[in-house]
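Using the hints, build the complex out of the two chains.
Sequence lines, in order, name chains A and B.
Take the first sequence: its letters are residues 1 to 111, numbered as in our numbering.
Take the second sequence: its letters are residues 1 to 884, numbered as in our numbering.
What the hints contain is simulated information worked out from the structure, not anything from laboratory work.
Don't be surprised by glycine CBs; every beta carbon is placed ideally from N, CA and C.
Some hints could be false.
Counterexamples of contact, computed for chain A against chain B with all Cβ distances above 10 Å [claimed, not checked]:
1. Gly-42
2. Tyr-52
3. Ala-103
If you want the footprint, here are the derived chain A segments under chain B, 3+ residues with CB under 8 Å [claimed, not checked]:
4. 25 to 33
5. 43 to 51
6. 57 to 64
7. 76 to 82
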Amino acid sequence: MTKPDPLPLVQGTLDLLVLQALASGPTHGYGIATLVHQRTDGHIAIEDAALYQALHRLDRQGLVDAEWRPSENNRRARYYTLTPDGRKRLREETANWRRYARAVDALLAGA
Amino acid sequence: MTAAHRPFWYLGRRPADLRSEIDEELRLHLDMRTEELVARGMAVEDARREALRQFGDLPGTREYCRRQDEDKEHRMQRALWIEDLLQDLRIGLRGLLRAPMTTLTIVVTVGLGIGATTVIFAAIDAALLRSLPYADPGRLVRIHTDAPPNRFPFSIADYLALRSQQTQFEQIAAYAVRVMAYTDGTVAERVQGRGVSWTYFSVLGVKPAIGRDFTEEDGKPGGPLAVILSRTFWQQHLGGRADRIGKPIQLDGAGYTVVGVLPEAVGPLERGQDLFVPVQFVTPPRKGPFFLTVVARLKRDGSRATAVEELHAINRRIFPLWRASYQDDKATWGMVDLQSYVIGDVRAIATLALFAVALVWLIACTNASNLLVARVTGRRRELAVRAALGASRGRVVRYLLAESLLLAVGAAAIGVALARLGAGLLREFGASYFPRTGEIVIDGPVLWLLVGLTAGSALLFGLVPAIHGSGGPVEDSLRASGRSSTGAVSVRRLRRILVGSQFAIATPLLVVAGLLLASLNQLGRVDLGFNPRNVLTGGILLPARQYSDSRAGAFWDELQRRVEAIPGVSVAAFSDARPPNDVNNFNNFDLEDAPTPSGQSQPVVPWVSVTPGYFQLLGLNLVRGRLLDKRDAVLPATAEQPVVVDRAWVRRFFPDRAAVGRRMRQGGCTTCPWTVVVGVVSEVKYVGLDQPNLGTIYAPLAPQTHARYIDVRTSVDPSRMLPAVRTAVRGLDAGLPFSNVATIDELVDRSLARPRSLSVLVATLASVALLLSVIGVYGVMAYYVQQHAKDIGIRLALGGSRGDLFRLIIGQGMTVVTGGVALGLLAALAATRAMSSLLFGVGAADVRTFAAVAVLMTVVAFAACALPARRAVGVHPATVLRDE
Chain A
1 MTKPDPLPLV
11 QGTLDLLVLQ
21 ALASGPTHGY
31 GIATLVHQRT
41 DGHIAIEDAA
51 LYQALHRLDR
61 QGLVDAEWRP
71 SENNRRARYY
81 TLTPDGRKRL
91 REETANWRRY
101 ARAVDALLAG
111 A
Chain B
1 MTAAHRPFWY
11 LGRRPADLRS
21 EIDEELRLHL
31 DMRTEELVAR
41 GMAVEDARRE
51 ALRQFGDLPG
61 TREYCRRQDE
71 DKEHRMQRAL
81 WIEDLLQDLR
91 IGLRGLLRAP
101 MTTLTIVVTV
111 GLGIGATTVI
121 FAAIDAALLR
131 SLPYADPGRL
141 VRIHTDAPPN
151 RFPFSIADYL
161 ALRSQQTQFE
171 QIAAYAVRVM
181 AYTDGTVAER
191 VQGRGVSWTY
201 FSVLGVKPAI
211 GRDFTEEDGK
221 PGGPLAVILS
231 RTFWQQHLGG
241 RADRIGKPIQ
251 LDGAGYTVVG
261 VLPEAVGPLE
271 RGQDLFVPVQ
281 FVTPPRKGPF
291 FLTVVARLKR
301 DGSRATAVEE
311 LHAINRRIFP
321 LWRASYQDDK
331 ATWGMVDLQS
341 YVIGDVRAIA
351 TLALFAVALV
361 WLIACTNASN
371 LLVARVTGRR
381 RELAVRAALG
391 ASRGRVVRYL
401 LAESLLLAVG
411 AAAIGVALAR
421 LGAGLLREFG
431 ASYFPRTGEI
441 VIDGPVLWLL
451 VGLTAGSALL
461 FGLVPAIHGS
471 GGPVEDSLRA
481 SGRSSTGAVS
491 VRRLRRILVG
501 SQFAIATPLL
511 VVAGLLLASL
521 NQLGRVDLGF
531 NPRNVLTGGI
541 LLPARQYSDS
551 RAGAFWDELQ
561 RRVEAIPGVS
571 VAAFSDARPP
581 NDVNNFNNFD
591 LEDAPTPSGQ
601 SQPVVPWVSV
611 TPGYFQLLGL
621 NLVRGRLLDK
631 RDAVLPATAE
641 QPVVVDRAWV
651 RRFFPDRAAV
661 GRRMRQGGCT
671 TCPWTVVVGV
681 VSEVKYVGLD
691 QPNLGTIYAP
701 LAPQTHARYI
711 DVRTSVDPSR
721 MLPAVRTAVR
731 GLDAGLPFSN
741 VATIDELVDR
751 SLARPRSLSV
761 LVATLASVAL
771 LLSVIGVYGV
781 MAYYVQQHAK
791 DIGIRLALGG
801 SRGDLFRLII
811 GQGMTVVTGG
821 VALGLLAALA
831 ATRAMSSLLF
841 GVGAADVRTF
851 AAVAVLMTVV
861 AFAACALPAR
871 RAVGVHPATV
881 LRDE
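The following block holds chain B by itself, in its conformation from the complex (with noise of 0.2 Å):
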């Protein structure tokens, strides 16, 4: 028997039956020979006896030939069943192709679903559940000041005391950010860099792919300078030439021995540097400033808790030696795993973001499910018919469960290309949104959670279609002529189900899609303080090597001259911080009035060194006092250091009394002269849209500082006149890096970069989901109305009013709509909670987004089951009776 032409009751069979039919062979065997022996006239019972004989080993035979058989009959139902399955996916497929809008519908939404959820994990899985990319990772951790609730960096005083006093740590190792001028002769270019202690590579465990790794004597004052390069930097200015190594390279206008060339790959906190200079220590005059950060590698063995108490202990022994300038006997060290470092506050965007794909994921299958049991009702005959000729239920299952296997398959693939596009997009711009983008990739457990999906949407929308497609008594399905049968009503009732649980999943997405959209219009409404409009700004970096003070001083001066002379600027001045979000310094300060108690922290707040033009520029209202004037710059060093404070500085510091002429001792410096304020300003945001205003002071910029932005004020579109204010630069000196240019409307569009993406993300989320659940109450509605059509023509004829039958029809659609909406809201309520640190301006329980998500909603869905509705009202009643 082959394959080809079995009944399809065909089960195959048994190894009982294998057995008898050899038996019976045998037997047939035996007999004919024992009648021939009779026939030659031996004795019936000698005849046996013989034919037994002459057979040989009976026992072995039949054991032999049942193996035989028993292999055969495996074999042949391994093809059978592989047989059957692709016959059961050659017809899903032909019957896929004959619903192609329903097919084309279901592939996608599962695919986006299945392919954004790949996405959003395998970032998650780069940045939060890997380990870093570095030798040991578990032993690493990050030393900070510790003065809650603030952790701040190391200052050079605490790393050379961690270093010659600490036992628990096998090395450590410092760093801090250092741009730098690099020259190759003709132009100049600001560079990213690291300065590092010399021991940075080897607490991490990194080896230069090129050349060597710092050693002692690198890091020693005086010693000569020495650079280690990316490999993109190498290849980029230096051509990727071996013969470079251990040549010098200009950089801040001196020259560093190229030393070694990093890997490749590196790991999150060398990516986008280009290049690292070790740090030559020397003791400090004074304990700040705190800029240095500090990662070291625990012993093997060593413990945590010995770790932190040697931390606390170092903490308290160096205190006295800097009391003069530093006071805050509150702070001490800790540590946290350099993982977490890393990650930093990224969990709950990256777990909104992570629940909002998986939602959208679940809708789409419920929407699919929702597609397919309507398929299946259409063809409850057709699979009545296959089970009435003997088809076992599991066989239909088998044969539904297929039709969702290729339809999952289908959903796969368009989400692998998805995965792929979004890990591609991610890994090439997602660096300032989340960390360690680089590193994400599609494989190990995200492919592990990408064939899950695929098999989870399978199950999903094949189970309940294919059950309820194969349950039932058969007679019933095969009487019921498809109309207001029995099984109608339980269709019926699985459907309105689906459509509920869709709108109860779409009903939070949306909320959370609103919240976030109502804090980004809120950040976007926030008051700058200043009018952001036409304010050009950019970063000029002097080699301090070829100016000394005297000469960026006339620098400046001149080229200040020369950017006011260009036509369509009306100011130009300089700074060191830029609004919306960029400090260059926090100062602390003990006031005259109202010294910090010994033992506590002292205030900290930006400190903005300016011109005098910089606040014209900005065009900041004088409430009290005076504005710095340029003499303020150049006060001998034991005069009083005048500065300007903000509007929000007073309220904080002296709410009820005049500020202006009020003292305080800047950077902890117990014996240096007074800081006096002169002059209040209005406020302007500098650490963040989102930051309340707790006061910043500014200070006359020293003229010899050799790293300031140049901010000019145009009266037509500032990226008009960048060419010109480059111009003027580059007159001065050709060598100089520019760098960093933005005007401020783009800093503040960039600083609203990570939450506008995050809510498009979430709202393009949310609107696919709303667009499915539509699908699916119209569905439900266009079926009930067809199941319904003969019902609705005999009111109609009766003289029933249209207007009631259209209520009553829509009803139907609606008290689903409203219940899954209603479960939604609840379920909102109790999601946003977590949520509340994304938010700005609005609360999380924000009565207006839940109330306009309710009503978006409900007038959605009202559409949409609106429309069937009045076309079954609409119909003459005679033509639905003469259908009949």
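Chain A extracted, bound-state conformation (with noise of 0.2 Å):
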């Protein structure tokens, strides 16, 4: 069976995607990309400079906080922490989405 072409990203979820991968704890982009690759089984594909710009724009945002830390393999990485600012907007955000996604449905199954 071969796997379909990955979806492109629907506009505004990119922001919501890091914020969850955020979610379960701290790391580094290059494992916030790995994570958002399993957890969606390769359906959703983050381009990498879109990821990166979207870290750095959530730092100034305050939504996240950066920090080096020493990566798995010994390496100095730049570790990427939710902030309670964050962690509430990844609730809003996830809220709405499941509006969205609800109001998206009904409106096929009327189809």
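Spelled out as structure tokens, the structure:
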């Protein structure tokens, strides 16, 4: 069985995905990319460039905190942690997404 | 990293740091991706290429991330800076509250300096700097008759000639004082009015707020009588009712139609005036009298030089027409800016006051600086520890400046409160001392001055201690235990310089205060020429419409009879002038024996008209000849007119010949009967206590004169007689205004109000300056004694004489004081010369004042030095040595 091509990202969901990935604990950019890939079973492709841009944007907005720590293979890596503001934003965005998805589902079910 | 838990050395990341961090992060990502691909069996080179491909736009991402990071960094640094500042302020405030006396002294004294300087500047701004509140005020001028050294007003003849012949002015106007009696049907009141040409308001560009301006019709002889009211008068007397516009009010017994009401805010010329009536000018029979102030507006593109030339030309042209009544062909016409006419002669006073308050401010800052240096010195160790822990010098200076800023802001708050209070008082009561005080406001340039003074204060008393507190090698400060260290020597030098300058600034202030007080004292001792005790005076104005000449005469006779019948009244008389500075009429004359050459100005003296009882009332000595009597006032117009002169007049005009019998022509009239001197009396001050006696002429008061003063000599306190005198006036005519009531003592007192206020102001400021200097020298001495407690103890223990030690310690303070005072005396010598116009009876370099100030400063400073010195040598040596 061949896997279908990964879906392009729906506009505005990147930040949600990144925040969600960090909800289980601090990690670096590469870790997030891997996590998203595994959890969506490869169905969603985040471009690495967009991921790092999102991380620095979220850092500026104060939703995540960045800190240099030694990584698993003992190199200096930039670890990101959710801030309380970030956690709050994740809850809101998740609820929004669910509402949106239900609405789209309901619409499609009627078709 | 948040602001709360950053190390204190944290200074923020530079852009280069940010870039390399981003590069490191992205490199790690690419390496990890490559490793992953290699683990899946890809060749290293291919894996690297694939990782880059998967990544996407690498340079774009790098740039995007850098922008985000820099943005965050900027905001964080701003937050940090503010947090630091708030922290500095918080710590500073806590520190200041721990030393409440120092803080209070600084805030109050500097606040006083800021407030006083602001008020005086606000007054100067309103009077001298701001242009007049009229339309295009730069083109307004006052035109006068110029007979150096005098400038005097125009006559009606002059005005009419100027009006018909001038071409250089857009419009001209004239005005004169016009005191009127206003009746609302029951009670009469004396109102302050102006007789104006109908053009008056249009020349100034003033528009009535209600109703209309005067028109040419209002100024035509025989036309209906019109009046424009001030807003205050309209509100107080007509209840502010609009339906009274267009209706008549009763002035001097005639109906004047109210045509308009002025706006609330008026210019300096209208201020304090109740109403304005147009003068209906008719060509006069002779050139004089001169009583009209002329105001004119220059044409927009006109030249001043041409305008002055034209004034000269018109004056020359009309001179021959009036030769019979006016011979002074040296006198010409001139003009000055209306602004400088309004300002008058207050420049000297204003400058002096501004200097005085500014010096007090400076001395308060110096004092604050001194106190803070002492404080910083006590905390040098604390500051050194901060520096050792890595706080930069700039950071320590900033911390100390935050403290000064707090002090300055506190001082500014007091200053603003004082300035508002002072400005309010000046607006209310300042009008008789200073022009345009009603327009004083604290805004614009005044506010900028206030801000500047506050910032200047913070820098002045902040920077010196801050630099001092942060300077010097760190280890020195740490090692030094605060005693007998090299640091202490430099502190002492700094504080001595500060105290020396305090004395150098305070000394000239005290000298100026001393000179002003001496002048005031001299003024108070001026001989009025008579006994001013128990003389009551008041003005009465008979409305011309109700009192014919003969009725007026009968009224005055009856009033005198009734007043003299009041128990406690010894004499009542009438006059048209009052000592010490109220003359109604100055007149020129030409002596028969010494005629004034053609083309020169005739002598002018106060011409006081009195009833015969006046001489007895004042108690004037008859030196020669006879006094005036009742018949002199009713001589036929063709007879010689008798006058009495005073000794000063004789000294001036007939120093070595008898004056009685000399004849003269008065008022420039060559065809009138002679005026003849019949007696000589002692002198009285009529033109101000500070003016020399230049001769006075007493003429009989014509029986019908409608406006005059009644003068009453009482045997008891005159103010207790006032109700009875008032009743006597009311008893004859309930509707008569009886105004300007005052005893001569009060008039003398009032005439000294301006010099007295100035003296009090400067003396108060000087006292503050002296007090601050004394605090300063005391502080320095206390510090010196504390620093040398050990040395003193040892010397005493070794048997040193207490007296010698005392002298030694005192010498430390007194060298600074005497140095400062000497410098201050030199400065005073240079400065007081500029204020000689404000002095009376003392020279600007008055030796006694200078000596007195020097002695006072030295004695007070000595006391301030002696206190800590005595304490130091009074201590048992063992106590001090044990404390070590």
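Hint-by-hint comparison with the structure:
no. : hint     : in the structure
1   : Gly-42   : holds, 13 Å
2   : Tyr-52   : violated, 5 Å
3   : Ala-103  : holds, 32 Å
4   : 25 to 33 : holds (count 4)
5   : 43 to 51 : holds (count 4)
6   : 57 to 64 : holds (count 3)
7   : 76 to 82 : holds (count 3)
Checked against the numbered hints given earlier, the structure breaks only hint 2 and satisfies all the rest.
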